[in-house]
Amino acid sequence: MKVLVAVKRVIDYSVKVRIKPDQSDVDLANVKMSMNPFCEIAVEEAIRLKERGEASEVVVVSIGPKACQDQIRSALAMGADRGIWVEHDGPAGGLAVAKGLAAVAREESPQLVMLGKQSIDSDNNQTGQMLSALLGWPQATFASAVRKTDAGFEVTREIDGGLETLALTGPSVVTTDLRLNEPRFIKLPDIMKAKRKPMASQTPEALGVAMTSGVTLERVETPTERSGGIRVDSVDALIHALKHDAQVL
Amino acid sequence: MTTLLIAEHDGQALKAATLNALTAAQALDQPIAVLVMSATDTVAQQAARLPTVSRVLLAKGDCFAHPMAAVMAPTVVANLSGVTHVLAAATTFGKDLLPRVAALADVDCLTDVTAVLSGERFQRPIYAGNAIATVHSRDPLKVLSVRASAFAAAMPGEQEAPIEPATLGEVPAHTAFVGAELAQSDRPELTAASVVVSGGRGVGSRENFDLVFELADKLGGAVGASRAAVDAGYVANDLQVGQTGKVVAPDLYIAIGISGAIQHLAGMKSSKVVVAINSDPEAPIFESADYGLVGDLFTVLPELTAKI
Numbered sequence: 377m378k379v380l381v382a383v384k385r386v387i388d389y390s391v392k393v394r395i396k397p398d399q400s401d402v403d404l405a406n407v408k409m410s411m412n413p414f415c416e417i418a419v420e421e422a423i424r425l426k427e428r429g430e431a432s433e434v435v436v437v438s439i440g441p442k443a444c445q446d447q448i449r450s451a452l453a454m455g456a457d458r459g460i461w462v463e464h465d466g467p468a469g470g471l472a473v474a475k476g477l478a479a480v481a482r483e484e485s486p487q488l489v490m491l492g493k494q495s496i497d498s499d500n501n502q503t504g505q506m507l508s509a510l511l512g513w514p515q516a517t518f519a520s521a522v523r524k525t526d527a528g529f530e531v532t533r534e535i536d537g538g539l540e541t542l543a544l545t546g547p548s549v550v551t552t553d554l555r556l557n558e559p560r561f562i563k564l565p566d567i568m569k570a571k572r573k574p575m576a577s578q579t580p581e582a583l584g585v586a587m588t589s590g591v592t593l594e595r596v597e598t599p600t601e602r603s604g605g606i607r608v609d610s611v612d613a614l615i616h617a618l619k620h621d622a623q624v625l
Numbered sequence: 022m023t024t025l026l027i028a029e030h031d032g033q034a035l036k037a038a039t040l041n042a043l044t045a046a047q048a049l050d051q052p053i054a055v056l057v058m059s060a061t062d063t064v065a066q067q068a069a070r071l072p073t074v075s076r077v078l079l080a081k082g083d084c085f086a087h088p089m090a091a092v093m094a095p096t097v098v099a100n101l102s103g104v105t106h107v108l109a110a111a112t113t114f115g116k117d118l119l120p121r122v123a124a125l126a127d128v129d130c131l132t133d134v135t136a137v138l139s140g141e142r143f144q145r146p147i148y149a150g151n152a153i154a155t156v157h158s159r160d161p162l163k164v165l166s167v168r169a170s171a172f173a174a175a176m177p178g179e180q181e182a183p184i185e186p187a188t189l190g191e192v193p194a195h196t197a198f199v200g201a202e203l204a205q206s207d208r209p210e211l212t213a214a215s216v217v218v219s220g221g222r223g224v225g226s227r228e229n230f231d232l233v234f235e236l237a238d239k240l241g242g243a244v245g246a247s248r249a250a251v252d253a254g255y256v257a258n259d260l261q262v263g264q265t266g267k268v269v270a271p272d273l274y275i276a277i278g279i280s281g282a283i284q285h286l287a288g289m290k291s292s293k294v295v296v297a298i299n300s301d302p303e304a305p306i307f308e309s310a311d312y313g314l315v316g317d318l319f320t321v322l323p324e325l326t327a328k329i
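First to last, the protein sequences are chains C and W. When we follow the working numbering, the leftmost residue of the first sequence carries the number 377, and every step to the right adds one. When we follow the working numbering, the leftmost residue of the second sequence carries the number 22, and every step to the right adds one.
Keep in mind that the hints were calculated from the coordinates and are not lab data. Among the hints, a few may not be true.
Dumping the calculated BS3-like pairs for lysine-lysine here, alpha-carbon to alpha-carbon at most 27 Å [unchecked claim]:
hint, chain 1, residue 1, chain 2, residue 2
1, C, K408, C, K619
2, C, K619, C, K378
3, W, K239, C, K392
4, W, K290, C, K408
5, C, K569, C, K392
6, C, K524, C, K442
7, C, K619, C, K426
8, W, K290, C, K396
9, W, K328, C, K396
10, C, K573, C, K563
11, W, K328, W, K239
12, C, K408, C, K378
13, C, K573, C, K619
14, C, K396, C, K408
15, W, K239, C, K619
16, W, K290, W, K239
17, W, K81, C, K619
18, C, K442, C, K563
19, C, K619, C, K442
20, C, K392, W, K293
21, C, K392, C, K426
22, W, K293, W, K239
23, W, K293, C, K619
24, C, K408, C, K392
If you anchor each label on the Cβ, the simulated ranges turn out as follows [claimed, not checked]:
hint, chain 1, residue 1, chain 2, residue 2, range
25, W, P177, C, S400, 40 to 46 Å
26, W, D207, C, R523, 29 to 35 Å
27, C, S577, W, A174, 47 to 53 Å
28, C, D403, W, Q66, 47 to 53 Å
29, C, E483, W, A136, 37 to 43 Å
30, W, P72, C, E483, 39 to 45 Å
31, W, G32, C, H616, 32 to 38 Å
32, C, D403, W, D50, 35 to 41 Å
Positions of the beta carbon are idealized from the N, C-alpha and C atoms, including for glycine.
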């Protein structure tokens with residue numbers, strides 16, 4: 377079984393977000409960038425499928441600027457076998473990215489495509505669902521457990537109110553939730569080894585995909601922040617304040 | 022020119038978040054049709070009584086007994102004639118379904134919309150709520166999941182909209198429901214509750230969390246938790262409030278034993294009144310709380326529950 381994993385280069389989760397003075401976007405100049413944490417979980421799960429003997433090859437794909445090769449290399453260092461970099465500079469809508477990934481999936485014919493449920497920059501939570509729709513494949517989003525079956529996959533999903541399990545037949549798209557696994561740390565020898573693993577380049581043009589979107593970003597602003605209030609010194613004072621000042625009791 | 026609102030339900034009743042999504046749909050100021058995909062008639066009858074709804078489209082079939090995006094998306098797409106906007110609440114249901122609908126309709130999808138500025142301009146949080154984006158969609162069809170906590174719930178009215186049969190889409194055979202483990206609870210839904218009582222690592226154990234549940238029950242509120250409390254196994258995953266969990270905006274949010282990491286604040290900072298109770302006077306949560314009480318929560322909580 378071949379597994380294709382899509383990864384995205386995003387602002388590191390620990391970095392405090394700055395907005396450009398002209399409010400056109402978030403300022404990413406000289407900011408630490410990393411693999412999206414949910415994508416890391418997807419890579420980890422694919423590698424575990426391989427380690428269990430259920431997957432034979434793990435292929436990592438990323439659509440983005442040249443620098444996103446770093447994130448493909450990280451995935452290779454974690455244990456993926458080869459990478460595909462689809463070169464694209466500038467903004468990319470969710471649908472265009474999904475079309476690019478669908479074109480790669482059609483060329484690669486994996487039995488499973490894994491993605492993070494969302495990226496921590498645009499917070500869209502949509503690429504996996506769109507990819508699955510474009511391929512006409514089953515989807516299981518927000519996965520907390522993935523099991524290979526004879527017909528396809530059985531996936532447990534984290535939904536509002538609890539857990540749900542779906543049976544998927546045939547090649548499938550699965551997006552990862554936070555608790556599917558804990559991604560491994562990359563060791564130095566693995567980074568050296570990853571440098572020798574193959575990475576192919578692609579372009580959206582060659583894949584027949586236009587990286588356009590009907591949606592444009594007009595403005596980015598800082599949300600109104602909460603400010604600290606008052607300290608109360610007893611339960612009675614708290615109840616009094618909630619009843620008479622805040623009037624929420 | 023119609024707005025199509027997708028009803029979320031459990032086969033018996035509409036989910037509360039659909040009422041919040043209806044308020045977002047009303048801001049578009051055009052006729053609203055509600056699409057109910059269900060194995061029964063019950064939910065459609067409820068939807069017909071929603072205010073400002075001009076008609077209910079009922080797609081009835083056993084395949085809709087459990088909500089599955091891959092099964093439902095073709096039916097949504099089969100009912101888009103004259104529709105300019107498709108809306109659903111940005112719950113796990115809406116977020117699973119709408120991007121699939123958008124891709125089938127060859128348009129982009131806007132997730133977690135918090136403000137409707139016009140028929141083409143919307144606001145949505147990005148970077149875990151650390152920035153607010155204004156986006157302009159020129160797509161012929163706008164597909165939006167709306168954040169329930171950003172819109173008031175529409176109140177049920179006296180009216181009765183007509184119920185019409187919807188067009189059924191093709192039902193794929195590749196996805197089957199196996200089972201679900203859903204928490205049985207009489208408490209209100211976390212994202213729709215007017216009071217939320219949340220516990221963090223400071224609560225200390227699964228047993229101690231009973232104190233949080235008792236206070237929430239006294240207030241008729243929902244229970245939430247920080248990621249640390251969920252990771253420690255004190256409560257179920259779906260109670261997590263924050264960047265990677267649920268986003269809530271109740272009238273009253275009580276944070277108990279929660280330090281106040283930025284990832285947690287992202288999930289509750291739009292609450293009207295925030296109370297923090299923590300034994301650590303230096304906890305960052307106090308910087309974001311309207312009322313702070315420093316104290317041992319094992320004495321404070323029982324006293325609060327008894328006196329409130």
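Outcome of the hint check:
| no. | hint | in the structure |
| --- | --- | --- |
| 1 | C:K408 to C:K619 | violated, 46 Å |
| 2 | C:K619 to C:K378 | violated, 61 Å |
| 3 | W:K239 to C:K392 | violated, 38 Å |
| 4 | W:K290 to C:K408 | holds, 26 Å |
| 5 | C:K569 to C:K392 | violated, 32 Å |
| 6 | C:K524 to C:K442 | violated, 34 Å |
| 7 | C:K619 to C:K426 | violated, 59 Å |
| 8 | W:K290 to C:K396 | holds, 23 Å |
| 9 | W:K328 to C:K396 | violated, 49 Å |
| 10 | C:K573 to C:K563 | holds, 16 Å |
| 11 | W:K328 to W:K239 | holds, 10 Å |
| 12 | C:K408 to C:K378 | violated, 32 Å |
| 13 | C:K573 to C:K619 | violated, 65 Å |
| 14 | C:K396 to C:K408 | holds, 16 Å |
| 15 | W:K239 to C:K619 | holds, 15 Å |
| 16 | W:K290 to W:K239 | holds, 23 Å |
| 17 | W:K81 to C:K619 | violated, 48 Å |
| 18 | C:K442 to C:K563 | holds, 24 Å |
| 19 | C:K619 to C:K442 | violated, 58 Å |
| 20 | C:K392 to W:K293 | holds, 25 Å |
| 21 | C:K392 to C:K426 | violated, 36 Å |
| 22 | W:K293 to W:K239 | holds, 19 Å |
| 23 | W:K293 to C:K619 | holds, 14 Å |
| 24 | C:K408 to C:K392 | holds, 10 Å |
| 25 | W:P177 to C:S400: 40 to 46 Å | holds, 43 Å |
| 26 | W:D207 to C:R523: 29 to 35 Å | holds, 33 Å |
| 27 | C:S577 to W:A174: 47 to 53 Å | holds, 51 Å |
| 28 | C:D403 to W:Q66: 47 to 53 Å | holds, 52 Å |
| 29 | C:E483 to W:A136: 37 to 43 Å | holds, 41 Å |
| 30 | W:P72 to C:E483: 39 to 45 Å | violated, 51 Å |
| 31 | W:G32 to C:H616: 32 to 38 Å | violated, 45 Å |
| 32 | C:D403 to W:D50: 35 to 41 Å | holds, 36 Å |
Violated hints, listed in ascending order, are 1, 2, 3, 5, 6, 7, 9, 12, 13, 17, 19, 21, 30 and 31; each of the other numbered hints is respected by the structure.
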